[in-house]
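Engineer: Next come the chains, spelled out residue by residue.
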Amino acid sequence: MPRNAAQWNRTPPLPPTHYVDPLVYTSEEILAQERDKIFARAWSIACHESEVPERYDYRTYRHPAGKNLVVVRGDDGTIRTFFNVCPHRGNTILYNPAGNAKHLLCIFHAFAFDCRGNCVAIPREKAGYQERIGKGDFGLRAVRTEVGFGGFVFVNLDDRAPALETFIGEALDGMRASLEAEPLEVFTFHRAIVRTNYKLWHDTNSEFYHDYMHYHNRQTSMAAPGYFERRYTAFPNGHAQVGDQVVNYEAYEGFKSRDLSFPGMALNQWKMVDLFPGMTYNLRGSSLRIDTLCPISPLETAIEFRGLGLKCDTPAERAARVHDYNTIWGPFGRNLHEDLLGVLGQGRALERGQTYLVHGREEDSTIHDEVGMRHFYAEWSRWMGRSSSDPSADGASGVNGAAHREAALS
Amino acid sequence: MLRTPGETRASAYLEVAQFVYSTVVRLNAKNFTGWLELCADNFSYSIQAWSPEIRRDMTWLQHDRSGIDSLVRQLPRHNTDESIFTRHATVYTIDFDRDDAATVVSALTVYRTDLDGGESRLFAVGHYHDQVVRDGERWLLGRREVRLDTRSLGIGTHYPI
Ligand SMILES: [Fe+2]
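Chains as they are written, first to last, in our numbering: chain R, 1 to 410; chain S, 1 to 161.
A few of these clues could be false.
Said to hold, decoys possible - Some chain S residues well away from chain R (every beta-carbon gap over 10 angstroms; in silico):
1. Ser-11
2. Ser-51
3. Glu-53
4. Leu-71
5. Leu-140
6. Thr-157
As the list claims (entries may be wrong) - What the simulated footprint calls covered on chain R by chain S, stretch by stretch (three residues with Cβ under 8 angstroms from a Cβ of chain S suffice, anywhere in the stretch; the number is not a length):
7. 185 to 198
8. 320 to 334
No wet-lab data here; the hints were simulated from the structure.
Predicted model, so just to flag it, every value in this text is computed and none were measured.
Even glycine gets a Cβ: it sits at the ideal position worked out from N, Cα and C.
All chains, please: the whole structure from these sequences, using the hints.
Structural biologist: Have a look at this one:
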């Protein structure tokens, strides 16, 4: 039965944990608060250690809290991270996304920094600054950096945040042995800028009910044994794991069983873990996909995708992993385009007329249960100090709940 | 009618260029089976790009003839953004390896046009690196490597580019 305006605007007849207010995806104010309260305090994946393999290699990173960073491998082999900002006049120091530089040189006024963040040269320093200020006052801002869980470079802007191990907890235990048996290496990278909210991408990674949109997954996963027994495990700090499955790739024309797997994994086995607030480890046996997110505006998101194999791969093994990865997950892959189309559609609908998003499925935490998303939003609400089902309820936001919702929903 | 060597060469250039354009016309029309009719039995297709971020060459799609046949056959079974993709190619160089085989490099731009409202936006910039072979009276694509400069492709696509 179609619903009139009043019926449409009513909250769903479910507990508030089971739906999300659309404002959570569209409000500028909420995004600003997410940057401060979540992204500026949580661990984020900046890149993989294989992107800075040599001393003095660097890799820039746009952090989701809105900071531009640069990851540098030092003369001592240690990976460090700094703001990619010259402390003199605020210019960008490194313009290229990656490279090798013994000194980080700001082209604007030739201030130079070493790979440990010290300012080592200021042109005509004494002539202009005398003894009032000098190199010792112009060090770069160091950002906490830890490398782990498969060689990923995690950074945290908050100097007082709990250690990375504490933050991840046991969430990656189900795949950690496979991630850490051998050094990994990135073989593909691409960034998709999509008109959608970043959380909608994380939602897609956190629920499998949308397998109905994937012809490939219907054939190779849903129709394969064990699919409906896959279970979600929720971990502290908002992380969630989806139960493993052995995928029947041959059920899709032109695909074949994988020849390779990751260490300790059965052929064609699939493991997946979502990390709060927006990272996903997706290990389809022969290749690992890592998603990271950077909100640009409430309805515009940069999603970065990395594909990884083993550093010790032979050229033939690497080619097989690259093929397996990209046929499904590359920018021309069979699944990724569908997933991105899905969140683009959500972004478009939220722009043009809004509705509550219902996370109401309960199936004993099995594959089509929406517990993964509910777990995320419970954590989100904790970090934000406001409810994802009624984000304006605390009144502190300045958003007038009723009036704003009426305008937004009509 | 007898032709001078120069005339023969000019007409071969023209034939090859027109052949490359005919592949683009069929792709633009989403006539993918028609496009495959212009491909040799041992055709290979790839989409590649250099990543300045990871400082590596990337292969985003790579199929032999049967792989690309399967891909095209299964397009209707997928949920796909059905925007119009308009490829604009300009043949830059034709190097004849033999009288019946040439390497062709073409500049490529691809526009995506929304069905709803018809807004066109640039989708990608790159090049075609084609191997073309003569098969009797006609030319065929033996290999096509799409080298993309553009790596930020929005939601991407299921279609061959
Ligand atoms: Fe999906």
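Engineer: So which of the earlier hints does this model not fit?
Structural biologist: 2, 3, 4, 6
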